[in-house]
Amino acid sequence: MGRVRSVICRIVGATAQGRFHVKNGLPCQDKISHYSKGRVHCIALADGAGFSKYSQIGAKSVTRFLSRYIVRNFYKLKDKKENHLKNIFHRIIMQILYSQAEEVDINVKFLASTLLCIAFDNKDYLMLHIGDGLIGVFLKEDDKIIPISLPDNDEFANTTYFTTSENFTNNLRLDKGDVKKFKGFILMSDGVSESLFDKKNKKLAPAVKNIMKWFSRYNLYDIKKALDYNLNKVFKEKSLDDCSIIIAEIKNGH
Amino acid sequence: MEIIREELIINTKDLVDNPTPRVPVCLVLDTSYSMSGEPINELNEGVKLFFESIKNDEIAKYSAEISVITFGEVVRILTEFGNIETQEVPQLIASGHTPMGEAVEVALNKLEQRKTQYKEAGVDYYQPWLVLMTDGHPTDDIANAVERTVRLISERKLTIFPIGIGDSVDMNILAKFSPRRTPLRLKGLNFCDFFEWLSKSVQMVSQSLPGDKIKLDIEGIKSWAELEV
Numbered sequence: 001m002g003r004v005r006s007v008i009c010r011i012v013g014a015t016a017q018g019r020f021h022v023k024n025g026l027p028c029q030d031k032i033s034h035y036s037k038g039r040v041h042c043i044a045l046a047d048g049a050g051f052s053k054y055s056q057i058g059a060k061s062v063t064r065f066l067s068r069y070i071v072r073n074f075y076k077l078k079d080k081k082e083n084h085l086k087n088i089f090h091r092i093i094m095q096i097l098y099s100q101a102e103e104v105d106i107n108v109k110f111l112a113s114t115l116l117c118i119a120f121d122n123k124d125y126l127m128l129h130i131g132d133g134l135i136g137v138f139l140k141e142d143d144k145i146i147p148i149s150l151p152d153n154d155e156f157a158n159t160t161y162f163t164t165s166e167n168f169t170n171n172l173r174l175d176k177g178d179v180k181k182f183k184g185f186i187l188m189s190d191g192v193s194e195s196l197f198d199k200k201n202k203k204l205a206p207a208v209k210n211i212m213k214w215f216s217r218y219n220l221y222d223i224k225k226a227l228d229y230n231l232n233k234v235f236k237e238k239s240l241d242d243c244s245i246i247i248a249e250i251k252n253g254h
Numbered sequence: 255m256e257i258i259r260e261e262l263i264i265n266t267k268d269l270v271d272n273p274t275p276r277v278p279v280c281l282v283l284d285t286s287y288s289m290s291g292e293p294i295n296e297l298n299e300g301v302k303l304f305f306e307s308i309k310n311d312e313i314a315k316y317s318a319e320i321s322v323i324t325f326g327e328v329v330r331i332l333t334e335f336g337n338i339e340t341q342e343v344p345q346l347i348a349s350g351h352t353p354m355g356e357a358v359e360v361a362l363n364k365l366e367q368r369k370t371q372y373k374e375a376g377v378d379y380y381q382p383w384l385v386l387m388t389d390g391h392p393t394d395d396i397a398n399a400v401e402r403t404v405r406l407i408s409e410r411k412l413t414i415f416p417i418g419i420g421d422s423v424d425m426n427i428l429a430k431f432s433p434r435r436t437p438l439r440l441k442g443l444n445f446c447d448f449f450e451w452l453s454k455s456v457q458m459v460s461q462s463l464p465g466d467k468i469k470l471d472i473e474g475i476k477s478w479a480e481l482e483v
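Protein chains in written order, with the numbering used here: chain U, 1 to 254; chain D, 255 to 483.
No lab work stands behind these hints, which were simulated from the structure alone. Possibly wrong hints are sitting among the right ones.
Claimed, not checked - In silico lysine to any residue, SDA-like type, Cα no more than 20 angstroms apart, as pairs:
| hint | chain 1 | residue 1 | chain 2 | residue 2 |
| --- | --- | --- | --- | --- |
| 1 | U | K200 | D | T370 |
| 2 | U | K199 | D | D271 |
| 3 | U | K200 | D | K441 |
| 4 | D | K411 | U | N167 |
| 5 | U | K80 | U | N122 |
| 6 | D | K467 | U | L26 |
| 7 | U | K109 | D | K469 |
| 8 | D | K369 | U | N201 |
| 9 | D | K369 | U | E155 |
| 10 | U | K200 | D | D271 |
| 11 | D | K469 | U | L26 |
| 12 | U | K238 | D | D271 |
| 13 | U | K238 | D | T274 |
| 14 | D | K467 | U | N122 |
| 15 | U | K233 | D | M255 |
| 16 | U | K203 | D | N265 |
| 17 | U | K76 | U | L174 |
| 18 | D | K454 | U | K225 |
| 19 | U | K213 | D | K267 |
| 20 | D | K454 | U | N24 |
| 21 | D | K267 | U | Y229 |
| 22 | D | K267 | U | D198 |
| 23 | U | K199 | D | K369 |
| 24 | D | K441 | D | S422 |
| 25 | U | K224 | D | E260 |
| 26 | U | K225 | D | T266 |
| 27 | U | K199 | D | D378 |
| 28 | D | K469 | U | F110 |
Pulled out of the complex, with its shape left as it was, chain U reads as follows:
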């Protein structure tokens, strides 16, 4: 029997409070989280809904607890059919949010956020996405970086879908596949995709590839500092919104 390949994974992310939020006395409502156990890793990002001053609480809960749930149940989840998975995720997310809503004594709708999440082991990945923001994947071949889940704003610039939206299962996008051709994933909120995603041509900016190159040259501490710096000094200048990003670099090893 051959040895099982493990996945060596480095994960780093950053968030920055947007100028709109600073001006209106709101905290940063973007949250990121990650969880790893054994061979399974999960990264998650959520952007709290602008209509609620409590939505960062929902964003934090959903990224934290959902990433744990998915990692712990990855092998049960990854082979389920799409409709079944959507119902499971809806149920789990609502459990997380209702539990949090009870704890802070507010209506669950005020905990709404978008949600981007990707879990993987050495063979497979499972992705879910509701709302705006973008998920990208770094390919081993040709060092390419491509988007695998685009922002979903409905028709208007100031609308999107949330974890608490009525048509959650219709608007939740799921994807599964083989992770062997990939060397990393990137999740970004709309505050960052404003600068990194060409909406007309549906392509990612050269800066994304440059960010991935950092992983071959620098340690996580330096990359984290760089992400913090760039979110606060570069990306914030081009968007009024909060900015957040989380990246997982995958290296198959023994």
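Starting from the structure of chain U, add chain D where the hints point.
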């Protein structure tokens, strides 16, 4: 913030420059004969103030796009949607009847056309606004215009501001266009206060983020509208 190595600072030339999301605003204005004299003069001042106010706002000037359609002798598109820095403020002249139905339909067509252009160019946009101002009753058939407007509003594809001018306006007609928002009657000829309020409202939209609820300045409405107690 800690200084980092230069090679870790992202160069802005490696980023993309997406166009600013647009908010298309169509002013549909009664220029029938009854608007002659002081009403049309005040309306002209108000429209001029609106254009200037948008131009002077750092964010709205790249976001708001204004079209002006008048209805009097004929329905005229005085100003097409475009970059406000290159637009001239139109001069309105009063004459003729009140083909309101046709004017609203032209406005709805223009808004749809503009949205199509945005989609083709990869430009994000906010919900379009239609401002309908009249001092009388329509002299054409408004049924189709009403049906289209009401459908768009119920689908949350359009915001309408129906404003009545003077004592002869039929507010019930304006109400037909607006199932969600009660039409308001302008206080006297207070166009300038109305257009100042409108420009501030447009500025709020142009700064809004996904999930934001736009809260219009209800207190500010009191400066230009007659509000029934």
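Open item on the list: So if I understand the rule, the pair passes when the alpha-carbon distance is 20 angstroms or less; does K411 of chain D with N167 of chain U pass?
Closed with: Holds. K411 of chain D to N167 of chain U sits at ~18 angstroms (cutoff 20 angstroms).
Task: K199 of chain U paired with D271 of chain D [C-alpha distance capped at 20 angstroms] - done: Holds. K199 of chain U to D271 of chain D sits at ~9 angstroms (cutoff 20 angstroms).
TODO: Starting from K454 of chain D, check that the Cα of K225 of chain U is at most 20 angstroms away, please.
DONE: violated, 39 angstroms
Open item on the list: Between the alpha carbons of K200 of chain U and T370 of chain D, is the straight-line distance 20 angstroms or under?
Closed with: Distance of about 13 angstroms is within 20 angstroms: holds.
Open item on the list: Next pair to validate is K200 of chain U with K441 of chain D; report whether the Cα-Cα distance is within 20 angstroms.
Closed with: The given pair, whose Cα atoms are some 45 angstroms apart, is violated under the 20 angstroms limit.
Task: Restraint status (C-alpha distance of K238 of chain U to D271 of chain D at most 20 angstroms) - done: Given pair K238 of chain U, D271 of chain D holds - Cα atoms ~9 angstroms apart, limit 20 angstroms.
Task: Satisfaction of hint between D378 of chain D and K199 of chain U, Cα-Cα up to 20 angstroms - done: Holds, at roughly 9 angstroms.
Open item on the list: So if I understand the rule, the pair passes when the alpha-carbon distance is 20 angstroms or less; does K80 of chain U with N122 of chain U pass?
Closed with: Answer holds: K80 of chain U to N122 of chain U is near 18 angstroms, not above 20 angstroms.
Open item on the list: For a C-alpha distance cap of 20 angstroms, please report whether K225 of chain U and T266 of chain D respect it.
Closed with: Holds, at roughly 18 angstroms.
Task: Pair hint K109 of chain U and K469 of chain D, alpha-carbon separation not exceeding 20 angstroms - done: holds, 18 angstroms
TODO: Measure nothing beyond the straight line between the CA atoms of K467 of chain D and L26 of chain U; if it is 20 angstroms or shorter, mark the hint as holding.
DONE: This hinted pair holds, its Cα atoms lying about 15 angstroms apart.
Open item on the list: With the threshold set at 20 angstroms, check whether the alpha-carbon distance from K267 of chain D to D198 of chain U stays at or below it.
Closed with: The given pair, whose Cα atoms are some 13 angstroms apart, holds under the 20 angstroms limit.
Checked against the numbered hints listed earlier, the structure breaks hints 3, 14, 18; every other hint is satisfied.
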